[in-house]
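Since the structure of chain A is provided, determine the placement of chains B, C and D on it from the hints.
Residue numbers (UniProt numbering), protein chains in the order written: chain A, 1 to 163; chain B, 1 to 163; chain C, 1 to 163; chain D, 1 to 163.
Accuracy of the hints is not assured; some may be wrong.
[As the list claims (entries may be wrong)] Residues on chain D that point at chain C, a partial pick, calculated with CB under 7 Å: (1) Gln-43; (2) Ile-61; (3) Asp-117; (4) Ala-127; (5) Gln-130; (6) Ala-155; (7) Ala-158.
[As the list claims (entries may be wrong)] Listed next, the stretches of chain D that the computed footprint assigns to chain C, with coverage defined by at least 3 CB atoms under 8 Å from CB atoms of chain C: (8) 27-39; (9) 118-125; (10) 142-151.
Note that these hints are calculated values from the structure, not bench results.
Virtual Cβ for every residue (Gly too), placed ideally from N, Cα, C.
There are 4 protein chains.
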Amino acid sequence: MEESILVLTTGGTIDKQYFDALSAYQITDTVIARMLDIARVTQPFSVEEITRKDSLDLDEIDRAKLLKRIETAREKRIVVTHGTDTMTDTARILSVVRSKTIVLVGALTPARFAESDAAFNLGMAFATAQIATRGVYITMNGHVFPANKVVKNRAQGAFVPIF
Amino acid sequence: MEESILVLTTGGTIDKQYFDALSAYQITDTVIARMLDIARVTQPFSVEEITRKDSLDLDEIDRAKLLKRIETAREKRIVVTHGTDTMTDTARILSVVRSKTIVLVGALTPARFAESDAAFNLGMAFATAQIATRGVYITMNGHVFPANKVVKNRAQGAFVPIF
Amino acid sequence: MEESILVLTTGGTIDKQYFDALSAYQITDTVIARMLDIARVTQPFSVEEITRKDSLDLDEIDRAKLLKRIETAREKRIVVTHGTDTMTDTARILSVVRSKTIVLVGALTPARFAESDAAFNLGMAFATAQIATRGVYITMNGHVFPANKVVKNRAQGAFVPIF
Amino acid sequence: MEESILVLTTGGTIDKQYFDALSAYQITDTVIARMLDIARVTQPFSVEEITRKDSLDLDEIDRAKLLKRIETAREKRIVVTHGTDTMTDTARILSVVRSKTIVLVGALTPARFAESDAAFNLGMAFATAQIATRGVYITMNGHVFPANKVVKNRAQGAFVPIF
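Only chain A is shown next, with the shape it has when bound in the complex (with noise of 0.2 Å):
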């Protein structure tokens, strides 16, 4: 029988959508659920928010929500979408679990507009899931980064291997 994947949704560009009574960008309803529809998934996945934040503004009682989740959550396989910025902070907190593999992913350019990294992105999170050792993950710029490894890099707008 086949596991199912948990999707944790958190925010960040990936689910940015733009508002003309503001002339600004704001987090929204998740475009996950769409994407896996778009894609055709036929592995069982579900899709749960825990928060709808820009990755600057995640506080510690997001994180600590998040990894509860993870931590009691009957699926072994996670994926997590994430701001950018600050993805490599929550990858550092959710390395404590050990039996399980968590994949963290976002995108440089939010899902809805037509040239976005966005799908690449979730579909590269949805194959580590399935296949990678128990751990924690980033998909990002076509890399499969084990977590510890990676820093961004702001100025060049790309996550980059540290060796």
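Chains B, C and D only, in chain A's frame:
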């Protein structure tokens, strides 16, 4: 040092374009390099065209050419874009290669559509090529399938596991 | 009080969808209402399907049905979505209607593609239906053509004026 | 002989791009020429940038520059892309031009989004520039508005007629 990913294109729905003059689609210049650019992939890769065919039109010569290119490649991580109807047939032929990770991938809707499974599938293939053990895989419908454990159910429009 | 716009759909490339089970395009449920929603149209309108055909397959009965629906409509502003290959033939038949503004419009690339002329063309049609004098028009390739002063140049993939 | 259409860009939501390094959008190189290419426009046109600003930031100097460019243009058909918040203010200033057809147009969602009103609106503007009598118009929300008979209702996120 990182290992580069070799992407070999053979055609299929993923690369279909619509031509008004024929009121029909045709396989055209591959969109794969552009998709990897939109996905902001910094992982080293190269893209090569093997054929440009609907997978029902692939013959023994095409498959021999594909096999030979994979066997002689310096890369250990191979992604093959392929039409879905005979993807499992090609996978069987490629299974003689023992020392590489080969991932076949395609799309049920052309990549040029606003709503397509192509980018998600290609992301799964890129992740699988990096982290799966040596062997042949198919990444469709949200699954990483070992290539000998999957069939396409055409009526259902989906790849399903066999046991 | 504003006059409502009546949109009559007949099929054509604008409404083509890709079906994997057939490895072919087919005309399907119209996307016109969804396009008008994305365009945030607040102008009153209604959408009705007359036929669902490639324009090369339209016959005299289809065109008679279309003509009759236009003649009996309360609306004075009519938009007809139509395949491009026989759009000028249908326009000729509709030119007997003297008291309405009728705009034929289609697309050279299906509306479901990420890059399509469909939305732009439909926008031209909506504007033309509102402000052009009574008569029959074709809005394609960035032009508002009086319907008797245009031909489709199929090799060129464009509508061109005749003088 | 056909008259060319002059497209003057001033910025606004239609040209907004998302920049990860700022977690914010910014107005960038205009997408208008690319949109007209996707729309397969064969009508002669040229695109010139006047400013690259949110319309709330446009000042008297910007508007004077725009007015002067329109007055000195050889073209009689002018399309101005513009942010929506002060579009009606700019229209009022341009209403001194008596011998041209001027159409202001923008978008409530950036053109780079998969689902945007931009292409439809631009199509309306192109049609209106060709067939409307001399004067100033706004083409938004599926309407061709005479510029002195419309206001933006920001709460509603739509342009509405005034009587």
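Hint check results:
1. Gln-43: Given a least distance of 4 Å, the restraint on D:Gln-43 holds.
2. Ile-61: Constraint on D:Ile-61 not satisfied, violated at 31 Å.
3. Asp-117: 5 Å, holds
4. Ala-127: 4 Å, holds
5. Gln-130: 5 Å, holds
6. Ala-155: 14 Å, violated
7. Ala-158: With a minimum Cβ separation of about 5 Å from chain C (threshold 7 Å), the hint on D:Ala-158 holds.
8. 27-39: holds (count 4)
9. 118-125: Since three or more residues must qualify, the claim that chain C covers the segment 118-125 of chain D holds, with 7 doing so at under 8 Å.
10. 142-151: holds (count 3)
This entry does not satisfy hints 2 and 6, going by the numbered hints stated previously.
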